[in-house]
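There are 4 protein chains.
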Amino acid sequence: MLNSFVPKDPAFKARVTASFDKQGLMITLGACIVHVAPGMVEIVLQASPAVSQQHGFIHAGALAAIADTAAGYAALSLMRPGVGVLTTEFKINLVAPAKGERVVAKARVIKAGRTLPVAQTDVFSETEGREELVALFTATLMAVEGREGVND
Amino acid sequence: MLNSFVPKDPAFKARVTASFDKQGLMITLGACIVHVAPGMVEIVLQASPAVSQQHGFIHAGALAAIADTAAGYAALSLMRPGVGVLTTEFKINLVAPAKGERVVAKARVIKAGRTLPVAQTDVFSETEGREELVALFTATLMAVEGREGVND
Amino acid sequence: MLNSFVPKDPAFKARVTASFDKQGLMITLGACIVHVAPGMVEIVLQASPAVSQQHGFIHAGALAAIADTAAGYAALSLMRPGVGVLTTEFKINLVAPAKGERVVAKARVIKAGRTLPVAQTDVFSETEGREELVALFTATLMAVEGREGVND
Amino acid sequence: MLNSFVPKDPAFKARVTASFDKQGLMITLGACIVHVAPGMVEIVLQASPAVSQQHGFIHAGALAAIADTAAGYAALSLMRPGVGVLTTEFKINLVAPAKGERVVAKARVIKAGRTLPVAQTDVFSETEGREELVALFTATLMAVEGREGVND
Numbered sequence: 627m628l629n630s631f632v633p634k635d636p637a638f639k640a641r642v643t644a645s646f647d648k649q650g651l652m653i654t655l656g657a658c659i660v661h662v663a664p665g666m667v668e669i670v671l672q673a674s675p676a677v678s679q680q681h682g683f684i685h686a687g688a689l690a691a692i693a694d695t696a697a698g699y700a701a702l703s704l705m706r707p708g709v710g711v712l713t714t715e716f717k718i719n720l721v722a723p724a725k726g727e728r729v730v731a732k733a734r735v736i737k738a739g740r741t742l743p744v745a746q747t748d749v750f751s752e753t754e755g756r757e758e759l760v761a762l763f764t765a766t767l768m769a770v771e772g773r774e775g776v777n778d
Numbered sequence: 627m628l629n630s631f632v633p634k635d636p637a638f639k640a641r642v643t644a645s646f647d648k649q650g651l652m653i654t655l656g657a658c659i660v661h662v663a664p665g666m667v668e669i670v671l672q673a674s675p676a677v678s679q680q681h682g683f684i685h686a687g688a689l690a691a692i693a694d695t696a697a698g699y700a701a702l703s704l705m706r707p708g709v710g711v712l713t714t715e716f717k718i719n720l721v722a723p724a725k726g727e728r729v730v731a732k733a734r735v736i737k738a739g740r741t742l743p744v745a746q747t748d749v750f751s752e753t754e755g756r757e758e759l760v761a762l763f764t765a766t767l768m769a770v771e772g773r774e775g776v777n778d
Numbered sequence: 627m628l629n630s631f632v633p634k635d636p637a638f639k640a641r642v643t644a645s646f647d648k649q650g651l652m653i654t655l656g657a658c659i660v661h662v663a664p665g666m667v668e669i670v671l672q673a674s675p676a677v678s679q680q681h682g683f684i685h686a687g688a689l690a691a692i693a694d695t696a697a698g699y700a701a702l703s704l705m706r707p708g709v710g711v712l713t714t715e716f717k718i719n720l721v722a723p724a725k726g727e728r729v730v731a732k733a734r735v736i737k738a739g740r741t742l743p744v745a746q747t748d749v750f751s752e753t754e755g756r757e758e759l760v761a762l763f764t765a766t767l768m769a770v771e772g773r774e775g776v777n778d
Numbered sequence: 627m628l629n630s631f632v633p634k635d636p637a638f639k640a641r642v643t644a645s646f647d648k649q650g651l652m653i654t655l656g657a658c659i660v661h662v663a664p665g666m667v668e669i670v671l672q673a674s675p676a677v678s679q680q681h682g683f684i685h686a687g688a689l690a691a692i693a694d695t696a697a698g699y700a701a702l703s704l705m706r707p708g709v710g711v712l713t714t715e716f717k718i719n720l721v722a723p724a725k726g727e728r729v730v731a732k733a734r735v736i737k738a739g740r741t742l743p744v745a746q747t748d749v750f751s752e753t754e755g756r757e758e759l760v761a762l763f764t765a766t767l768m769a770v771e772g773r774e775g776v777n778d
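Protein chains in written order, with my numbering: chain W, 627 to 778; chain R, 627 to 778; chain B, 627 to 778; chain X, 627 to 778.
Everything labelled a hint here was simulated from the structure, so no lab data went into it. Hints are not guaranteed to be accurate.
Since copy identity is lost for identical chains, a pair holds within one copy or between any two.
[As the list claims (entries may be wrong)] Straight line, CA to CA, 30 angstroms or less: simulated DSSO-like cross-link-like pairs of lysine-lysine:
#	residue 1	residue 2
1	K737	K639
2	K732	K648
3	K725	K634
4	K737	K648
5	K648	K725
Please construct the entire structure, taking both the sequences and the accompanying hints into account.
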C-alpha cells in the first residue's frame, strides 16, 4: 500500500521520539523506536525472560504494548503540534508464538481521521535474520485537543 | 452471573500460581496475582512511572498484559493437569484513562470450551478506595495438549 | 450489574423505535425490537433459511447485525434529541453455533461517554424455552451532532 | 503482500461457490461472490434500502456479513475436501460511512493455520467508479473435521 501522508508538523519526528521517551513502560520493557515516517512507526523489543510468559515466548501483553505504542505514534506523526493521542480500543490476533531474538512492530495509519484515526501494526519475530509474522493488531486512536496533560 | 465451574484439577490454585511465577513480564511489571477461584482470577498492578505512557496514565499495554494473564489463568484453572494455555486473540476497550494508585484486573471464564475457552476481564483503577472501570477485555484462549514446552 | 442510567430525553423509547423502523436491514432480516429501557435494548430474530449460513446455523453476520443495532440503540436511548448514533467498531466472539427457534440480542451500555459510548450485547439462542449464550459482542459507538442526515 | 497459497483441493473454486449458494443470508441480502482464488475471495453487495441502517448508509451488520463470508471462504479455499469452516470471532472497524452504489469485500488469508486460520477483509464502497475504504475486518476461522453437518 502506498503511503503518501503529508505531516502537518515538520518537526513530527522529534515530537514523536520525545513523547516515546516519556513512556516509562517502553523503558521498562527495553523497547526502542527505530523508524519514524509520516504515518509509519517501527518499534523493536529484545526477547528476554524479563518480557516472557510462562513457556518462554514473548508475552502477548508485551507484543500488544509495542504494537499499541507504534500505532499511536504513527497516528501522532500526522497530527498538529499540541494535539495529543490516546488509544480507545485495540484488537490483536496472535498467529504464532513469539520466539527468536527480537520482535519488531511495524505500524501504519490506515485512516487518518481528524478525531479517530485507525492504524494497523504487524508484529514480526526475527530468528537468525528470518522474519515471521507473529501478531496482527488494529487500533482506534483518538486525537485529543485542549485537555490539560494530554498533549503529544 | 453465577459462576459454578467445577475444576478438573483439585490442585488448580497451586498450578496457576506456579505458572504465574514463571511469567517474567509480570515480575518486570510488578504485578501480583491476588485471587484464584474456579474460572476466576484477579491480578493487581501498582501505578508507577515504570508502567506509564507519555501522559502518566498506566499504559494500555500494561493493562492488556495483566488482563490477558488473568484471562489465561482463569481458563487454565478449569483445565486438566498437563494442559497448557495460550492466547489466540484479544480485544480491549479503554473506557477511561487509568489513573489512581493501582489497577485490578478481574477475569472470569464466559465459555469453558474444551479447546477454545473465552474469558472476559474487567480492569478497574483504584483511587482512595474508589473503583472506576477503565478497560473491558475479551480473549479467546487455546488449550494445548502434547506440545513440548507448552504445559500449564 | 445495576443499570441506573437516567435518559436525557423523556421520549427516548419512541425515538429509538422510530429510528429502528428506518433500518431497512432489520425489516429484511425480520428482526423485532422487543425491549427498550434507559441504556438497554433487546432485539429478536427468528431462525430461518433466510438468515442462515451454509450449515443451517444463523449466520454470524445476522447475529452481528442485531447485536450492533441493539448496542447502538442502547446508546441512543441515553442521548439528547437530535443527536445521532454511528458504530465505529465492534468485536464479536461466537461461542456456540446459533441453532434453535430464534435468537435474542440483549444490549446494555457499559460506559455512557459523551462522544464515544461503549456497549456490550449478549446474544442467546432459544430452543424449547431454554436459553444458550451464542455470542459476546462489544461496540464503540459515536454520538454525532450537527451532521446533516445523521440524527437519531 | 505476495499471496502464494497452494490449494489442497483442485476443485476449491466449485466447492466454495457451492457452499456460498447454501448461505441463505447472502441470497436474502442480494450478495454475489465475484472472485475466488487460493486464499482470496471477493463478494459484492448492492446498496439499497433493504440493507440500510437508519441514515441510509449500508448497515454495519451487512458489511460484517459479507466480510465474514468472504473471510470464511478465503480460508475454506485452502482446506481439504470434507473439512468445514466456522467463524470463532471477528472484529470490524468502520472507517467511513458506506455510501455509493455498492460495496465490495476483499478477503485474504493472512495465516493458513491447520486449525485456526486468520483472514482479513477490506471493504470498499464504489461511487461512480471510485473506491473508498469503508471497513477493516479481521477474523479467526476454525477448520472443523468429523462433525456431522459441518462440512464445506
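These are the hints, each one checked on the structure:
1. K737 with K639: within (20 angstroms within a copy, 33 angstroms between copies)
2. K732 with K648: both (20 angstroms within a copy, 28 angstroms between copies)
3. K725 with K634: between (38 angstroms within a copy, 28 angstroms between copies)
4. K737 with K648: both (26 angstroms within a copy, 29 angstroms between copies)
5. K648 with K725: both (28 angstroms within a copy, 16 angstroms between copies)
Taken one by one, the earlier hints all hold for this structure without exception.
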